[in-house]
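In the numbering used here, the protein residues as written are 103 to 738.
These are computed hints drawn from the structure, not numbers from a lab. Since this is a predicted model, take the numbers as computed values, not measurements. Take these hints with a grain of salt, some might be off.
Stated by the list, open to error - EDC-like mimics (lysine to aspartate or glutamate), calculated; alpha carbons at most 16 angstroms apart, straight line:
1. K485 <-> D471
2. K403 <-> E449
3. K130 <-> E467
4. K514 <-> E162
5. K481 <-> D471
6. K434 <-> D592
7. K481 <-> E187
8. K121 <-> D199
9. K492 <-> E461
10. K604 <-> D560
11. K492 <-> D132
12. K697 <-> D729
13. K163 <-> D148
14. K481 <-> E135
15. K481 <-> D148
16. K492 <-> E460
17. K121 <-> E187
Stated by the list, open to error - Pairwise CB distance ranges, derived in the manner of DEER restraints:
18. D495 <-> E322: 28 to 38 angstroms
19. D533 <-> K697: 19 to 29 angstroms
20. P432 <-> G174: 41 to 51 angstroms
21. Q453 <-> G369: 16 to 26 angstroms
22. P690 <-> R318: 17 to 27 angstroms
23. P246 <-> T602: 38 to 48 angstroms
24. D534 <-> K697: 24 to 34 angstroms
25. E278 <-> R123: 17 to 27 angstroms
26. S117 <-> P432: 39 to 49 angstroms
27. R123 <-> M231: 26 to 36 angstroms
28. D340 <-> P207: 42 to 52 angstroms
29. K697 <-> P360: 52 to 62 angstroms
30. N356 <-> L310: 43 to 53 angstroms
Glycine included, each C-beta is placed from N, C-alpha and C at the ideal position.
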Amino acid sequence: MSTLANPAKPIRALSSAEKARTPVSMAKTDLGESVVVSRYEDEIWDFWPYIPQNNARDSEKRINWRIEIAPGEFLTDHQHAPLLESTKDFTWSLFIDPIDGRQRPRMATVIAHVVALTPLLRWMASRGMRQFRDIEGRALEYVPIAKINQRTGKPTAKGWHARRLIVLEELYLQREKLADALPTHPWPDESGFTLSGERAKGRTIKTLRIPERTVRQLAEVAINYVTNLAPHILSTRDALEQAVANKEGFQATNIRIPLARELGFEGSRDLSAELSYLRDSCYIVIAMFSGIRDSETLSLKRGCIAHDKADDGIDLIWLHGTIFKTGIKPHKWLVPPIVETAVRVMEWYRQPYAIQIEEQISQFEQQLDMSIPGSTFHKRQLKRLHTARKDRDGLFLGCAPCVGHLVGVLSKSTIHRRLQNFCPHFNILGDDGKYWRLSSHQFRRTYAYFVASAELGDLHYLREHFGHWSIDMTLLYTSGASDAYQTDTDLLTEILRSKTEKQESVLHNYLMTDAPLANGDIMLADLRQTIKTAKNKQSLLQQISSSITLNGTGHSWCIGNAKGTSCGGLCVFEADMCVDCAYGMIGPEHLPVWKEIALQQQTALDMSDLGLPGKTRSQRILNKALDVIAKLEIPQ
DNA sequence: ACGGCTCAGCACTTGTTTCG
DNA sequence: CGAAACAAGTGCTGAGCCGT
103 MSTLANPAKP IRALSSAEKA RTPVSMAKTD LGESVVVSRY EDEIWDFWPY IPQNNARDSE
163 KRINWRIEIA PGEFLTDHQH APLLESTKDF TWSLFIDPID GRQRPRMATV IAHVVALTPL
223 LRWMASRGMR QFRDIEGRAL EYVPIAKINQ RTGKPTAKGW HARRLIVLEE LYLQREKLAD
283 ALPTHPWPDE SGFTLSGERA KGRTIKTLRI PERTVRQLAE VAINYVTNLA PHILSTRDAL
343 EQAVANKEGF QATNIRIPLA RELGFEGSRD LSAELSYLRD SCYIVIAMFS GIRDSETLSL
403 KRGCIAHDKA DDGIDLIWLH GTIFKTGIKP HKWLVPPIVE TAVRVMEWYR QPYAIQIEEQ
463 ISQFEQQLDM SIPGSTFHKR QLKRLHTARK DRDGLFLGCA PCVGHLVGVL SKSTIHRRLQ
523 NFCPHFNILG DDGKYWRLSS HQFRRTYAYF VASAELGDLH YLREHFGHWS IDMTLLYTSG
583 ASDAYQTDTD LLTEILRSKT EKQESVLHNY LMTDAPLANG DIMLADLRQT IKTAKNKQSL
643 LQQISSSITL NGTGHSWCIG NAKGTSCGGL CVFEADMCVD CAYGMIGPEH LPVWKEIALQ
703 QQTALDMSDL GLPGKTRSQR ILNKALDVIA KLEIPQ
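Input sequences plus hints: build the corresponding full structure.
Shown next, in the form of structure tokens:
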């Protein structure tokens with residue numbers, strides 16, 4: 103990766119000519135030579151060499167200084183030259199000479215600062231201010247302006263007001279490093295946060311968890327594509343491709359369409375739509391059953407699946423990838439077999455694109471050889487070469503129709519749009535009866551919830567896919583990997599959080615209501631009473647919840663195992679043990695299970711060939727089950 | 001062989017989660 | 001808790017595929 107020379111002189115000490123030629127971003131060629139990508143004087147500061155994320159687009163990796171600061175007027179216009187220079191100075195200073203006490207920001211953050219600064223520039227233009235120092239004494243006028251969303255005229259989203267105001271404070275903090283800045287604090291007795299009235303407290307997680315019913319529908323569709331439809335769709339694609347090789351125009355069309363119809367599709371268009379849904383399904387399966395983030399999914403490469411044997415001989419499947427949050431680190435995730443299937447399908451899916459991208463790479467290499475270093479063409483092809491090389495092993499390859507058919511890893515906005523379209527197309531609904539609005543991060547939360555459910559033993563759906571975690575994988579995760587790949591401990595934290603939440607809600611039902619109990623009433627009676635009279639019920643509930651560990655057996659909740667007391671977990675196999683156990687709780691949610699148990703034992707008893715010991719056992723279990731059912735069915 | 005349509009990127013903005 | 005990083009959303013564009 104490229105490095106920037108740390109200038110010996112601070113920005114304000116540079117002459118205009120010196121400053122103009124200063125590189126702000128650089129890249130390396132194959133020969134190891136550094137090539138300047140952007141200079142201070144450029145209209146666009148392109149930071150592509152510094153932002154590795156595959157899921158970000160080029161446009162998110164650069165600053166375009168041609169900001170429209172008034173209708174028809176741009177920051178790059180001649181009359182705004184001083185303001186442009188001040189803005190560039192400030193922006194560049196944030197990176198090259200960070201605010202005292204702060205770490206050097208990532209380039210993406212620097213770009214975000216410019217975004218937050220834009221409304222200020224517009225306001226300044228509208229007031230005829232040409233320099234930041236003109237703001238002095240008038241900063242408070244800007245406060246209400248900064249609260250308004252420029253596009254809609256409505257108040258800005260939470261956090262943005264503060265973010266826009268904080269930029270002014272930073273203009274003050276950097277004052278000694280800049281020729282033009284805020285000489286005095288914009289609001290001496292306040293901070294951007296207090297001014298905006300947006301305290302950072304009380305943050306809650308907003309990303310929705312996909313409801314169970316919706317997950318089931320989604321999983322059904324996606325798994326069907328990945329396991330059943332994939333071979334047909336992909337082999338048809340390949341067959342068509344082969345049949346039209348070396349043919350063009352209508353000749354190709356005349357072959358393609360009848361063949362597609364012959365193979366069970368409505369036409370060529372239908373086939374490509376199905377191909378896209380197949381790709382969406384792979385994305386969904388991978389995200390849903392591995393819990394990885396969007397940026398991580400899109401950075402997956404071919405061959406990212408590895409097998410491994412646990413000590414007890416269980417086959418483990420690892421998904422290898424990269425985590426970008428706070429630096430680029432190789433990571434691995436434990437995944438169920440369906441994820442491997444989806445990766446294999448994508449490896450097939452990407453093959454034609456892989457061939458194309460290799461062709462593009464050699465084309466770029468040739469063009470680079472023949473062009474003049476430093477020319478715009480040379481720069482552009484250098485960038486395309488770097489990008490293509492980075493993407494050449496990518497799993498989620500696609501093709502951009504409007505940029506010269508460049509092949510590369512799909513962007514997050516494409517994935518996002520495709521996900522939004524997925525539920526309506528397959529008629530997948532949320533609990534409110536409307537189409538579920540799917541987005542990429544929901545999968546992470548949903549995954550954590552389902553894994554927690556699997557661990558608590560009350561997972562109803564998709565058990566075989568989430569259950570792979572239940573064999574106490576926590577140990578495997580934390581005891582660490584021996585290879586270069588780290589495990590994703592954040593995901594583990596997420597799962598634990600989900601588990602705690604679930605446990606709390608289970609206890610909530612037991613303690614806050616008078617739901618009938620078949621067992622556990624003695625243990626809970628006191629607690630129920632305490633809770634009823636407690637002032638702060640919620641915090642008491644949390645306190646109780648954090649002091650015990652629930653284990654789901656399917657037919658009861660067991661709080662005994664963790665303490666090494668009671669049955670030691672045998673109740674998982676011998677349901678009737680829980681009925682009298684001091685550490686068991688049996689409530690309304692277990693009623694169907696107990697009915698099933700009763701039915702089974704009755705059937706067993708009806709069979710004549712059951713020996714006496716067997717009969718005794720069945721009778722014992724049946725009696726207890728009937729007892730449980732009777733208690734749970736008492737009208738409240 | 002031509003008009004409609006689709007799909008993915010671009011540009012810009014807002015929103016959310018996690019790090020130190 | 002503030003800063004940083006990551007994610008989502010939307011109008012627009014246009015190349016070129018698709019199918020009559």
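Results of checking the hints against the structure:
1. K485 <-> D471: 14 angstroms, holds
2. K403 <-> E449: 9 angstroms, holds
3. K130 <-> E467: Measuring from Cα to Cα gives roughly 14 angstroms; hence the hint holds.
4. K514 <-> E162: 11 angstroms, holds
5. K481 <-> D471: Given that 16 angstroms is the threshold and the Cα spacing comes to 12 angstroms, the pair holds.
6. K434 <-> D592: 12 angstroms, holds
7. K481 <-> E187: Not OK: K481 and E187 at ~24 angstroms, beyond 16 angstroms, violated.
8. K121 <-> D199: Given that 16 angstroms is the threshold and the Cα spacing comes to 15 angstroms, the pair holds.
9. K492 <-> E461: 14 angstroms, holds
10. K604 <-> D560: 10 angstroms, holds
11. K492 <-> D132: 14 angstroms, holds
12. K697 <-> D729: Status holds; Cα separation ~11 angstroms.
13. K163 <-> D148: 6 angstroms, holds
14. K481 <-> E135: Holds, at about 13 angstroms.
15. K481 <-> D148: 11 angstroms, holds
16. K492 <-> E460: 11 angstroms, holds
17. K121 <-> E187: 10 angstroms, holds
18. D495 <-> E322: 28 to 38 angstroms: Check passed, 31 angstroms falls within 28 to 38 angstroms.
19. D533 <-> K697: 19 to 29 angstroms: 26 angstroms, holds
20. P432 <-> G174: 41 to 51 angstroms: 49 angstroms, holds
21. Q453 <-> G369: 16 to 26 angstroms: 23 angstroms, holds
22. P690 <-> R318: 17 to 27 angstroms: Given a distance of about 22 angstroms, which is inside 17 to 27 angstroms, the answer is holds.
23. P246 <-> T602: 38 to 48 angstroms: Holds - the Cβ-Cβ distance for P246 and T602, about 42 angstroms, lies within 38 to 48 angstroms.
24. D534 <-> K697: 24 to 34 angstroms: Taking Cβ atoms as reference, D534 and K697 lie about 31 angstroms apart, which means the hint holds.
25. E278 <-> R123: 17 to 27 angstroms: 24 angstroms, holds
26. S117 <-> P432: 39 to 49 angstroms: With a Cβ separation near 45 angstroms, S117 and P432 satisfy 39 to 49 angstroms, so the hint holds.
27. R123 <-> M231: 26 to 36 angstroms: 29 angstroms, holds
28. D340 <-> P207: 42 to 52 angstroms: 47 angstroms, holds
29. K697 <-> P360: 52 to 62 angstroms: Holds, since K697 and P360 (Cβ atoms, about 57 angstroms apart) stay within the stated range.
30. N356 <-> L310: 43 to 53 angstroms: 48 angstroms, holds
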